[in-house]
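S.K.: The primary structure of each chain is shown beneath.
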Amino acid sequence: MKAAAAARSPWRDPVIWLAVPAIVYLLVLYALPLLWLLTKSFIGPGGFTLRPYIDFFADPFNWRVVWNTLGIALWVTLACLIVGYPAAFALARAGAALQIAMLIAIILPLSIGVVVKAFAWQIVLRRDGVVSQLLVAVGIWDEPQRLLFTEPGLVLGAANIFLPFMILPIYSVVKLIDPRLLEAGATLGAAPLYRFVKIMVPLTLPGVVSGVAFVFSMSVSMYVVPSLLIGDRFQTLSTLTGRSFLFMRNEQLGSTTAVILLAMAVGVVVGSTWLARRLGGST
Amino acid sequence: MNFLDVSGATKSFGAATVLDGVDLGVGQGEFVSLLGPSGCGKTTLLRIVAGLLGVDRGTVKLDGQDITALPPHKRDVGVVFQNYALFPHLTVAENVAFGLKARRRGSTETASAVKRFLELVHLSDFADRSVRALSGGQQQRVAVARALAVRPKLLLLDEPFSALDRKLREGMQIDLRRLLRELGTTSVFVTHDQDEALTMSDRIAVMNKGGIEQLDTPEAIYRKPATAFALEFVGLSSRLSGKVVGTQDGLVTVETSFGRLVAPGNFVSGAPVMLAVRPERITVDRPGDFAVTAKLRDAVFQGAKVQLHFETTGGDQLMAETADLPHGLPAPGSEMKLGWAVADTLIYPVP
Chain A
11 MKAAAAARSP WRDPVIWLAV PAIVYLLVLY ALPLLWLLTK SFIGPGGFTL
61 RPYIDFFADP FNWRVVWNTL GIALWVTLAC LIVGYPAAFA LARAGAALQI
111 AMLIAIILPL SIGVVVKAFA WQIVLRRDGV VSQLLVAVGI WDEPQRLLFT
161 EPGLVLGAAN IFLPFMILPI YSVVKLIDPR LLEAGATLGA APLYRFVKIM
211 VPLTLPGVVS GVAFVFSMSV SMYVVPSLLI GDRFQTLSTL TGRSFLFMRN
261 EQLGSTTAVI LLAMAVGVVV GSTWLARRLG GST
Chain B
161 MNFLDVSGAT KSFGAATVLD GVDLGVGQGE FVSLLGPSGC GKTTLLRIVA
211 GLLGVDRGTV KLDGQDITAL PPHKRDVGVV FQNYALFPHL TVAENVAFGL
261 KARRRGSTET ASAVKRFLEL VHLSDFADRS VRALSGGQQQ RVAVARALAV
311 RPKLLLLDEP FSALDRKLRE GMQIDLRRLL RELGTTSVFV THDQDEALTM
361 SDRIAVMNKG GIEQLDTPEA IYRKPATAFA LEFVGLSSRL SGKVVGTQDG
411 LVTVETSFGR LVAPGNFVSG APVMLAVRPE RITVDRPGDF AVTAKLRDAV
461 FQGAKVQLHF ETTGGDQLMA ETADLPHGLP APGSEMKLGW AVADTLIYPV
511 P
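Just so you know, the sequences run in chain order A and B.
For the first sequence, our numbering assigns the number 11 to the initial residue and increments by one for each residue that follows.
For the second sequence, our numbering assigns the number 161 to the initial residue and increments by one for each residue that follows.
Among the hints, erroneous ones may be present.
Okay, derived cross-link-like pairs now, DSS-like style, lysine-lysine, Cα gap no bigger than 25 Å in a straight line [to be verified]:
| no. | chain 1 | residue 1 | chain 2 | residue 2 |
| --- | --- | --- | --- | --- |
| 1 | A | LYS208 | B | LYS234 |
| 2 | B | LYS327 | B | LYS261 |
| 3 | A | LYS208 | B | LYS275 |
| 4 | B | LYS465 | B | LYS327 |
| 5 | B | LYS275 | B | LYS384 |
| 6 | B | LYS275 | B | LYS221 |
| 7 | A | LYS208 | B | LYS261 |
| 8 | B | LYS234 | B | LYS327 |
| 9 | B | LYS384 | B | LYS403 |
Because the hints were derived from the structure by calculation, they are not lab data.
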């Protein structure tokens, strides 16, 4: 009864006011600067203008930057999904002791700064680094090669850094799925692959969507990791934004690229959520 | 030739032996209950038959085929799970259709089977609802329809009524039993509820500590429990311990705290035994083959009948049930004459 009343008028429920400090905090420190950035990109010397955007998209170099940004973010997200999805299952079904060990292994690296991890990857990805030596030892490579300052190297490093943000949301969903659902599927005559596709995939979809949204929005906007692992040769929207503000002192270009980046990230996150709703609803 | 034939099924988890060489035969179209307390191995046996659990030793045969090594999806054995395990992302109709689609049946065949089984469980109006919006009883019926829609050779039910309240449960037991009889589905039913087992079963397997103590019709299990465990687990009884003082022509005379009583059986003199009588076989104020006098401790009014508990010594228990008390409820402390027949007296060795 009480819940139904609250659903009709959310403002009657006093619990809603507990969100006020967080909202004020975000409003002052996040929404207002963002609004300032947004207006900056639309205001030229003569008032409102779309000039910065037209100029931006007229330059083929900038298109390269956009594709670089999207491409790296997609590869990183894909790599995290491929590695993280099975890991989330293992984590959810592991015994208590193993589960704690795995959670520590996943969460502890988050306490190490991104800069530190990126520097560590610089060492790992060198010509005489661990990855190169391993690939030579296994026989995939004939001679040591440098992965540092290459796109695969960047994807490898970034995927490692963002992996927890893929595993944890999927894990939290898998943990809540009754293992008997798969048994029920089996007793109804469904083979293992059919059970996975028709039962596990739709039920884990919400976790996959949040994981993808996390990792994509973080990797589409990452700044330190590409700076350290691939350098100036390979520009992304966020490194370009940084350069515009810090080196070129071109605030208009910087705010324009920042807005484009934001629009892309929001578009992908909202789009994937909408897609998941649709898929989950119709099956 | 049994339709389902489990022989020598043995299963251990670590040091604990959960099933110890169980044999179980179920005829075609039969409804057999596995009845026992929690931890007796009944659910383990069900999971082994379903293929959700492997055996350490022993074989499972269904319809003449050895299915011991077959994975569950190739066994044609349906299961209604205790928590129903309905697919939360699917509607009622999609849940029922799941097995048919997994078996790649045609869409017309699937649609007509879904329609038919939803009608059989009276859920046609709920076809497009989410299963999450259903009550417990409705969810249970979806689970039954889903398991039956593929027409499995064998249906296993794991305490499907345990989450429902008593009134609802009794109606659904009768409905389910009728449905399974109409379809001719061979069923194995796991329960810890003796009333449920007695009401529904063709035969009951009373299980204890990883083994079957007795496999027989409900009537035989109630009237002639094979072991003291079966006696205690199914129904109520008076229990008097004593010592055999004489044995003659298949009759044993036992010295108890209520004097010398006689029971059919064969025991050596001096053996410690327990005598038992079902409460409704004891008559009040009307002597049977013998009569004892006992002091009333409690009279419990239960509507259709009255349960009388009498004072005893040691671990003994003496109780009678009667619907016929012309003078109303007797007062505690009053002396009453009780009688029963030798043929109704059960006797068990005391370990």
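S.K.: All hints, please: hold or fail.
M.R.: Cross-check of the supplied hints:
1. A:LYS208 to B:LYS234: Roughly 18 Å between the alpha carbons, so the hint for A:LYS208 and B:LYS234 holds.
2. B:LYS327 to B:LYS261: Violated, at about 35 Å.
3. A:LYS208 to B:LYS275: Judged against 25 Å, a Cα distance of about 21 Å means the pair holds.
4. B:LYS465 to B:LYS327: Holds, at roughly 20 Å.
5. B:LYS275 to B:LYS384: violated (45 Å)
6. B:LYS275 to B:LYS221: violated (32 Å)
7. A:LYS208 to B:LYS261: OK: A:LYS208 and B:LYS261 at ~10 Å, within 25 Å.
8. B:LYS234 to B:LYS327: violated (37 Å)
9. B:LYS384 to B:LYS403: Roughly 21 Å separates the two Cα atoms, so the pair holds.
Against the hints set out earlier in the document, violations occur for numbers 2, 5, 6 and 8.
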